[in-house]
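For the record, the sequence lines run as chains U and V.
Heads up, the first sequence is in this note's numbering, so the first residue is 1 and it goes up one at a time.
Heads up, the second sequence is in this note's numbering, so the first residue is 1 and it goes up one at a time.
Among the clues, some could well be false.
Which bits of chain V does chain U cover? Going by a derived footprint, with three or more residues having C-beta under 8 Å, they are [claimed, not checked]:
1. 5–16
2. 56–67
3. 72–81
Quick list of the computed label-pair ranges, beta carbon to beta carbon [claimed, not checked]:
4. U:ARG330 - V:ASP28: 56 to 64 Å
5. U:GLU355 - V:ARG26: 44 to 52 Å
6. V:ASN78 - U:GLU238: 44 to 52 Å
7. V:HIS70 - U:GLU146: 39 to 47 Å
8. V:VAL52 - U:GLN49: 32 to 40 Å
9. U:GLU245 - V:VAL52: 56 to 64 Å
10. U:SER157 - V:LEU41: 34 to 42 Å
11. V:HIS70 - U:ILE179: 19 to 27 Å
12. U:SER63 - V:ASP16: 51 to 59 Å
None of these hints come from the bench; they were simulated from the model.
All C-beta atoms, glycine included, are put in the ideal place defined by N, C-alpha and C.
So you can see what is in the structure, the chains are spelled out below.
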Amino acid sequence: MDIKRTVMSAVGSATGSARGLTTGKGSAAGSKPPRYSAAGLIAKGATGQSWPRVWREVPLKKSYDVIIIGGGVHGLATAYYLATNHGITNVAVLDKAYLGSGGSGRNTAIVRSNYLTPEGVAFYDRSLTLYNTMAADLNINVMFSERGHLTLAHSDSALRTMHWRAEVNKLQNIDSRVIDAAEVKKLVPSLNTSPDAHHPIEGALYHPPGGIIRHDAVVWGYARGADHRGVEMHQKTEVLDILCEGGTGPEGKGPGGKVTGVRTNKGDISAPIVVNCTAGWASLISDMAGIKLPIHTRNLQAAVTEPVKVFLPAVVVSGSLHCYVSQTDRGELVFGAAVDPYNNYNVRGSLEFTEGLAGHILELMPGLSKMRLLRQWAGLCDMTPDYSPIMGFTPVEGFLCDVGWGTYGFKAGPVSGEQMAECIATQQTPKLIEAFKLERFVHDNLVGEKGAAAVGH
Amino acid sequence: MLLVPCPNCGPRNSTDFGYGGESRKRPDPNEASKEEWRTYLYLEDNPADWMVETWYCRSGCRKFFKTERHTGTNEFRNPAIPGNKVGGTS
Chain U
1 MDIKRTVMSA
11 VGSATGSARG
21 LTTGKGSAAG
31 SKPPRYSAAG
41 LIAKGATGQS
51 WPRVWREVPL
61 KKSYDVIIIG
71 GGVHGLATAY
81 YLATNHGITN
91 VAVLDKAYLG
101 SGGSGRNTAI
111 VRSNYLTPEG
121 VAFYDRSLTL
131 YNTMAADLNI
141 NVMFSERGHL
151 TLAHSDSALR
161 TMHWRAEVNK
171 LQNIDSRVID
181 AAEVKKLVPS
191 LNTSPDAHHP
201 IEGALYHPPG
211 GIIRHDAVVW
221 GYARGADHRG
231 VEMHQKTEVL
241 DILCEGGTGP
251 EGKGPGGKVT
261 GVRTNKGDIS
271 APIVVNCTAG
281 WASLISDMAG
291 IKLPIHTRNL
301 QAAVTEPVKV
311 FLPAVVVSGS
321 LHCYVSQTDR
331 GELVFGAAVD
341 PYNNYNVRGS
351 LEFTEGLAGH
361 ILELMPGLSK
371 MRLLRQWAGL
381 CDMTPDYSPI
391 MGFTPVEGFL
401 CDVGWGTYGF
411 KAGPVSGEQM
421 AECIATQQTP
431 KLIEAFKLER
441 FVHDNLVGEK
451 GAAAVGH
Chain V
1 MLLVPCPNCG
11 PRNSTDFGYG
21 GESRKRPDPN
31 EASKEEWRTY
41 LYLEDNPADW
51 MVETWYCRSG
61 CRKFFKTERH
71 TGTNEFRNPA
81 IPGNKVGGTS
């Protein structure tokens with residue numbers, strides 16, 4: 001039996017010892033990045049000055065305190081909160097492409113906290129709280145629009161699950177309730193709520209704090225905030241290998257070992273802590289450290305229409321019809337669907353998706369029959385067996401994971417960054433992510449989130 | 001679109017098929033340790049490379065078969081092998 005297969009048995013043997021991290025070296029620790037203002041815009045326009053770069057491009061150093069692999073919302077938020085909350089600024093964020101080029105730029109930008117498990121609800125609620133104050137915290141307009149989130153029920157059993165979710169939510173003080181078809185019609189008049197529909201709408205789980213946000217601005221905001229505090233971002237820097245010593249596997253990798261750095265296409269870098277914040281490539285990166293993850297990678301496809309006058313006041317999700325839709329502030333309708341049914345690392349779209357999606361959307365909103373799709377795209381989703389993420393320490397000392405985000409990674413970005421930063425700084429697993437440890441697959445303490453994490457499973 | 005090569009029905013659209021995932025040998029229930037079961041249940045190789053996988057020809061011959069696909073390019077290679085769902089060799 002090879003090393004990858006034996007990792008699970010040793011999960012938990014290494015929880016990481018506290019080590020001295022240099023703190024408080026950021027040039028402007030504590031302060032916020034400068035504000036974008038109308039006055040600034042006019043001044044720049046009048047004088048023809050160009051805008052400064054939002055983050056620095058500096059040469060790669062030979063060593064850091066923390067290396068974060070993956071420059072998406074998770075990696076950048078982790079770097080930002082390490083610098084802001086814990087004063088750890090000797091940090092490098094590495095991305096093999098450009099910042100926000102993966103899942104952070106491919107999701108459908110929906111945020112909500114109406115999950116099914118108490119662990120999930122508490123976690124995502126914290127994320128929503130952070131999203132609420134993000135514009136002020138990062139001094140950037142993230143265009144958060146708290147417009148309400150409707151999960152439609154087309155059958156009695158779906159309605160039962162909605163009631164279940166609503167009760168779990170209410171216990172934790174989340175604004176979430178089941179409404180009937182008449183109230184659904186009042187909220188979203190364009191929905192076909194006729195009982196003659198093929199899949200009649202029987203009711204919905206209504207979650208007023210849910211909404212949409214501009215995902216690129218979230219990525220840039222965190223990058224700018226982290227840069228302001230001294231964190232380095234390195235784009236086009238691909239991690240080719242993770243360097244370990246003392247492990248039971250080849251080249252000192254695997255359980256019982258410890259991380260010494262990473263090998264990139266720009267040379268070797270040493271660091272006592274390496275964090276895997278990738279999506280799509282999470283299991284490949286973990287393999288480099290000899291850690292096997294229970295993940296299979298699938299595609300999730302999405303599409304957007306031409307812009308029309310704003311008519312859709314809420315985010316509408318239908319699990320039974322495998323689709324969800326929201327309207328951006330520009331008037332485009334953004335559609336998403338279920339993950340493709342086979343393992344895939346290829347982000348190419350398919351005609352089946354557009355055909356299936358169009359059919360289902362028209363069942364919900366027949367009035368959209370003349371809408372034209374502008375484009376479609378796909379993103380990689382790392383699916384775990386229980387539809388919950390894998391966060392925190394691994395059996396390799398100094399190697400941490402923030403992965404397995406399936407179809408719900410973007411909405412968890414801020415809280416993941418905050419909790420991972422705490423995890424790294426204190427070398428202890430914070431309570432909020434205790435349930436998401438890799439060890440849960442050894443002890444069979446799964447956090448079953450399938451009923452609320454995505455559509456159409 | 002994915003054209004899946006069924007050994008009996010020829011290439012057909014992937015929507016005609018059920019996906020069985022990576023073909024793996026099911027441990028012997030009488031001898032497998034808990035750890036082996038866990039490995040079988042949860043840990044896949046998930047390669048960005050050639051992968052032997054199981055498909056079920058749902059709308060055609062209703063047979064399971066194994067074939068090899070590249071998860072990065074979605075090319076198929078090697079003729080499909082009829083076989084059972086759990087990745088046996090038959």
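Hints, verified against the model:
1. A stretch counts as covered by a chain when three or more of its residues have a beta carbon under 8 Å from one of that chain; for the stretch 5–16 of chain V and chain U the count is 3, and the coverage holds.
2. A stretch counts as covered by a chain when three or more of its residues have a beta carbon under 8 Å from one of that chain; for the stretch 56–67 of chain V and chain U the count is 0, and the coverage is violated.
3. Given a C-beta distance limit of less than 8 Å, the hint that chain U covers the stretch 72–81 of chain V holds, as 3 residues qualify and 3 suffice.
4. Checked against the given bound of 56 to 64 Å, the beta carbons of ARG330 of chain U and ASP28 of chain V, roughly 58 Å apart, stay inside it.
5. Taking 44 to 52 Å as the suggested C-beta distance range, the pair GLU355 of chain U and ARG26 of chain V does not conform, at roughly 36 Å.
6. One distance hint, 44 to 52 Å for the beta-carbon pair ASN78 of chain V and GLU238 of chain U, is violated here, with the actual separation near 30 Å.
7. A hinted range of 39 to 47 Å holds for the C-beta pair HIS70 of chain V and GLU146 of chain U, which are about 43 Å apart.
8. For the hinted restraint 32 to 40 Å between VAL52 of chain V and GLN49 of chain U, the CB-CB distance of approximately 59 Å leaves it violated.
9. Range check, GLU245 of chain U to VAL52 of chain V: about 34 Å between beta-carbon atoms, so the 56 to 64 Å window is missed.
10. Roughly 26 Å separates the CB atoms of SER157 of chain U and LEU41 of chain V, a value that falls outside the hinted 34 to 42 Å.
11. Between HIS70 of chain V and ILE179 of chain U the Cβ separation comes to about 47 Å, which falls outside the hinted range of 19 to 27 Å.
12. The hint said 51 to 59 Å for the Cβ distance between SER63 of chain U and ASP16 of chain V, and at roughly 54 Å that hint holds.
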